[in-house]
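Participant: Listed here are the chains, written in short residue letters.
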Amino acid sequence: MRSLRLAVRLALRNLRRRPAQGALLLLTLTIATGVLGVATSVYGSADAPWDRVWRATNGFHVSLGVYHPPDEPGNRAFVAELRRRSEHLATAPGVIGVGGPWTHLYGSIEVGGGSEDLTAEVRDPGPYEVDQPLVTSGRWLGEGGGVVLESGLAATLQAGPGDTVVIQGRPLPVRGVASTVSRGRFPLSRPAQVWVTPETARQLRDLGMTEEGFELQLRLADPEDAAEFVAAHSLEATDPSSAVIAYMETWQQRRADSHSDIDILAGTLFAAGALIAILTVATAAVLITGRMATQLRQVGTLKAVGVTPRQIVLVLLVEHLAIAAGAIAIGLGIGRLLAPRIAATSVTVLGTPEPPPLTWARVAMVAAVACAVVLLGTIRPALRGIRQSTLRSLAAGPRPPRRPGRLARLAANLGVPLPGVLGIRSAWRRPGRLLTNAAGLLLGVAMIVVALALRDSLGLLSLKPSEPGHAASDAAVGILYDQVRAVILATAGLLLVLATINAIIVATFAARDAAGNHAVLRAVGATPRQTVTALVVSQLGACAIAVVVGIPLGLGLWSLMEGGDLPQVSVSTRALVLLAAAVPVVFAAIVSVPARLLARRPVAPLLTYE
Amino acid sequence: MSEVIDARGLVRRYPADGPPVRAVDGVDLVVEAGETVSVMGPSGCGKSTLLHLLGGLERPDAGELRLGGRRVDGLSETQWAIFRRRSVGFVFQAFHLVDELTAVENVELPALLLGVSRRDARRRAMGLLERLAVAERAGHLPDRLSGGEQQRVAVARALINEPLVVLADEPTGNLDSRATGDILKLFAELRQARQTLLIVTHDARVASTADRLLTMRDGTIVAQTRLGSGASVAGILASLADLGGDG
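Residue numbers (numbering that gives the first Met the number 0), protein chains in the order written: chain A, 0 to 609; chain B, 0 to 246.
Heads up, a few of these hints could be off.
[Stated by the list, open to error] Each pair of labels, with its calculated beta carbon distance range:
hint : chain 1 : residue 1 : chain 2 : residue 2 : range
1    : B       : G33       : A       : I503      : 48 to 58 Å
2    : A       : L556      : B       : G172      : 57 to 67 Å
3    : A       : I503      : B       : D217      : 54 to 64 Å
4    : A       : R335      : B       : A15       : 37 to 47 Å
5    : A       : A588      : B       : G73       : 29 to 39 Å
6    : A       : G431      : B       : R58       : 37 to 47 Å
7    : B       : R130      : A       : R595      : 31 to 41 Å
8    : B       : Y13       : A       : G414      : 52 to 62 Å
9    : B       : G73       : A       : R595      : 14 to 24 Å
10   : A       : R12       : B       : D217      : 50 to 60 Å
Bear in mind the hints are in silico, worked out from the structure with no lab data behind them. In this text, a Cβ means the ideal position worked out from N, Cα and C, and glycines have one as well.
Model the full structure from these sequences, guided by the hints.
Facilitator: In structure tokens, the structure reads:
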């Protein structure tokens, strides 16, 4: 307990004394927790609005849908048999409310200059025990005909009461607009849906719409029994040669499937968060090791008064966990702030998205990642501290090389200028840091390649003529991919920010490591520019790895993403060459900053310090 | 004889809590070509700072400095670096070899920086290492060399461009007595070869190899003693004791 109190006191003092380092670690961790915070808040943000509509419409607990191809009249007898069985289902124990069965007609509706497949659900004016659609404007079905549009379809058509829609080539008046949970929102949920009275349905049949099945909605005494009910009353198609599809679904399943775009966005954000968290471990490790190095004097003093290495490690852990706690709070806050804006771009949410409640499980997930990053980042320097008799080794400069570098010798023989050769000499002295740098950069480069490919592919997608009956939904898919691309670009950006932080940290430490050697070089006649060049070259190995590995990795990731709705494209060689050229230039500019700062310092104090 | 070093009123101050500390306080110094000069004095008297000022590793706050007749106190960092390649060789107490370079690569470094071809630089470096009896260690990294070997490599590096002056800061401070003896012998040879040499030292034996001994205290030169070829360590210690130095 006394150890912990001491650790807390020392940790707080360290944080106050070195706020910049603490802030950098906080920023690094917050990038990871922020992305995960957004992901946890986006995921499920469509549930609350869905629940509201579900309650307001007396939504189903179990739904039975039966569909058959409209052009196969031979199935009708079998469909009639299924309808009879569904009526028995409506009287099953536990059922307290029944909606339907409602007949579905198949046809087409004009949307945005093209046509979309359409289901017209035939209902009497109601009211209904189950699934009473929530009218958001206009009126529900009744005298005078007309159609009621599903709200997503109305939004796509920008149509409302008093407007007309063209179904089967015939203009029909819009009576109202309504929301329901029995059908996903158009256009990501297809086909489009309208509600019509039996009288209007007769007109539509005359216009060529054909029957395609029916839907039955049930409410149970206990909604949580839905899965059990479905398992007990499975209505499988008994004619294997038949094209009839009969399936039962619980309200939970329908809710989970109702917002696929949000799930894809959240999934992409989770993947991005995981990727960033992995990289954050590396960054945090470098930062923490460097932070320990700067605390050398304090460590020596503490050891002198009898503090053990374990207690010193405890101080570090307390300090870094305190920073992690800050990052968790900020990350979750960012999530709460940004999630509604991101989720609002969804075309599937029934109303205004709402981040789900901040449960302990969600907080724990973000906290676990931040704590894991800190623990993994601290573990290596901590183990070294415990293993060795003194923590001084943690702060020592890099171990002198064991043998002369062959690559540098080769470079010298090939006529590489002296600063370049000196840089190559230094390059592999801190392989861990070099690989950390490389990892950050290569993930960023790979993400940029994917984003470039996605941009080209989406460009093609927007030019591609829509398939008949899919005009609006193709556009919606394009929007979804645009959102995914934005997330990937943002991830690439964050990865590059992390890589930049990494590069600055590593270059700063490299400059610190190289200070003595560079002072000597200047003492024997190397100019400041030559020492800057040597330091930059020593760091460029990370860039080489990032470009050589990152570009193929990005292309590989893209090949995994291709398919589905995305047109296949190859990323242009020009773009890849530009990327390969830009990364080292930008990286060199970044790492030259600490090198220049070092070169400005007078030589004598550096030599004396050494 | 021409003047290699001509310093007039050199001042170097360091900030302190109170008034700035004048580490070098108006030093006038002339060193002739081929002359070996030792500088002694108590710790903190400004010896090393003076040496750093003379080699451009630090900038004077006031005063004039000419090396080889060229005014150098106003040179930029880059100009100083280029000037040092050609005109100044340094030998440090801590050797300060670049630990990523082998012995021979350390020696040839100033020559390469000067633009000498790799082949010529290597030939010159090997020649010097042979002369200093460390040629067999040419391919080793500094980490693998003894202190005496490292200091001989450092001396070779200082000499490779045949500089106007070699500035040595406590060159035997980190060496055992045997290695110190080797370095003393080396400096005696340099003196005979008329290499201009300025040595800052605490060691009276090293000081005794010089033509002239300067004694510093509180940033100023308080005494100059011309040493004969038979200058003895005891004599130097005695003269320092008269001045109250710690020798």
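Participant: Take the hints in turn and mark each one as holding or not.
Facilitator: Quick rundown of the hints versus the structure:
1. B:G33 <-> A:I503: 48 to 58 Å: holds (50 Å)
2. A:L556 <-> B:G172: 57 to 67 Å: Given a distance of about 59 Å, which is inside 57 to 67 Å, the answer is holds.
3. A:I503 <-> B:D217: 54 to 64 Å: violated (43 Å)
4. A:R335 <-> B:A15: 37 to 47 Å: violated (53 Å)
5. A:A588 <-> B:G73: 29 to 39 Å: At 31 Å between Cβs, range holds.
6. A:G431 <-> B:R58: 37 to 47 Å: holds (38 Å)
7. B:R130 <-> A:R595: 31 to 41 Å: holds (39 Å)
8. B:Y13 <-> A:G414: 52 to 62 Å: Given range 52 to 62 Å: violated, Cβ gap about 44 Å.
9. B:G73 <-> A:R595: 14 to 24 Å: Holds, since G73 (chain B) and R595 (chain A) (Cβ atoms, about 22 Å apart) stay within the stated range.
10. A:R12 <-> B:D217: 50 to 60 Å: violated (39 Å)
In the structure shown, a violation is registered for the earlier hints numbered 3, 4, 8 and 10, in ascending order.
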